[in-house]
Amino acid sequence: MAEFEKVEGSKKDHELRLYAISTCGWCRKTRSFLEDNDVAYEYVYVDLLNGQDQADIVEEVSKLNPDRTFPTMVIDGDEVLIGFKEDAIKEKIL
Amino acid sequence: MSDAPGMTSGEVEKLYERLFTEAEEGGYHLNPDREMVLDLVRGLAANEERYGYMLCPCRLSGGGREADLDIICPCDYRDADLDEYDTCY
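Going down the list, the sequences are from chains A and B. Letter 87 of the first sequence, counting from 1, is numbered 86 in numbering that gives the first Met the number 0, and no numbers are missing. Letter 84 of the second sequence, counting from 1, is numbered 83 in numbering that gives the first Met the number 0, and no numbers are missing.
Okay, chain A solo, but in the shape it has when bound:
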């Protein structure tokens, strides 16, 4: 079972899960934006996982975002945000 890294923050109203790629600039921008705004979230770098862990996570991402593009973020377990969308994050989370 792949472990998500937890990032602490004072804003914890929403449960945020970020699926990211370690080389992806948009993923980095998303992380920086959340951290600059002191939002708690958890993330995983899908490309750094191996074997079954990666296969399991890819299956999760495929259900959320069939194009399997990154970043893919899930808000409170049901709302999916694809790509770095600063305005949408502001509207839904901040």
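Calculated directly from the structure, the hints in this document are not laboratory data. Small disclaimer: the values here were computed from a predicted structure and weren't measured. Any given hint could turn out to be false.
A few chain A residues that face chain B, going by a derived Cβ cut-off under 10 Å, partial list only [what the hints assert, rightly or not]: (1) A19; (2) R27; (3) T68; (4) I88.
Here are the simulated EDC-like pairs of lysine to aspartate or glutamate, each with C-alpha atoms no more than 16 Å apart in a straight line [unchecked claim]: (5) A:K28 x A:E41; (6) A:K84 x A:D35; (7) A:K89 x A:E4; (8) A:K84 x B:D78; (9) A:K62 x A:E85; (10) A:K84 x B:D80; (11) A:K28 x B:E83; (12) A:K5 x A:D37; (13) A:K84 x A:E34; (14) A:K91 x A:E2; (15) A:K62 x A:D77; (16) A:K28 x A:D86; (17) A:K28 x B:E34; (18) A:K84 x B:D85; (19) B:K13 x B:E34.
Beta carbons: idealized from backbone N, C-alpha and C, even for Gly.
The hints should help you fit chain B onto chain A, whose structure is shown.
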């Protein structure tokens, strides 16, 4: 959150210039946000070192060149992304 291990800033710059020229020759423009583009360039360089080809830094490898042909930069989804988002993802 760094990438492209072993690449000097000069090499990143050189790759940026090459991609800039190729984009312009093809009728495309790199994003004017130079820092963001340099970040993407570092991701491309990291993937070239890792996989042997410039896999899109924001896509997941399917396990080899054959499986990844559609997501090697510039990828098959660039124009659709540009139409929808004004940038590629």
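Hints, verified against the model:
{"no.": "1", "hint": "A19", "in the structure": "9 Å, holds"}
{"no.": "2", "hint": "R27", "in the structure": "5 Å, holds"}
{"no.": "3", "hint": "T68", "in the structure": "5 Å, holds"}
{"no.": "4", "hint": "I88", "in the structure": "15 Å, violated"}
{"no.": "5", "hint": "A:K28 x A:E41", "in the structure": "15 Å, holds"}
{"no.": "6", "hint": "A:K84 x A:D35", "in the structure": "15 Å, holds"}
{"no.": "7", "hint": "A:K89 x A:E4", "in the structure": "22 Å, violated"}
{"no.": "8", "hint": "A:K84 x B:D78", "in the structure": "19 Å, violated"}
{"no.": "9", "hint": "A:K62 x A:E85", "in the structure": "23 Å, violated"}
{"no.": "10", "hint": "A:K84 x B:D80", "in the structure": "14 Å, holds"}
{"no.": "11", "hint": "A:K28 x B:E83", "in the structure": "20 Å, violated"}
{"no.": "12", "hint": "A:K5 x A:D37", "in the structure": "13 Å, holds"}
{"no.": "13", "hint": "A:K84 x A:E34", "in the structure": "15 Å, holds"}
{"no.": "14", "hint": "A:K91 x A:E2", "in the structure": "25 Å, violated"}
{"no.": "15", "hint": "A:K62 x A:D77", "in the structure": "11 Å, holds"}
{"no.": "16", "hint": "A:K28 x A:D86", "in the structure": "13 Å, holds"}
{"no.": "17", "hint": "A:K28 x B:E34", "in the structure": "12 Å, holds"}
{"no.": "18", "hint": "A:K84 x B:D85", "in the structure": "13 Å, holds"}
{"no.": "19", "hint": "B:K13 x B:E34", "in the structure": "14 Å, holds"}
Checked against the numbered hints given earlier, the structure breaks hints 4, 7, 8, 9, 11, 14 and satisfies all the rest.
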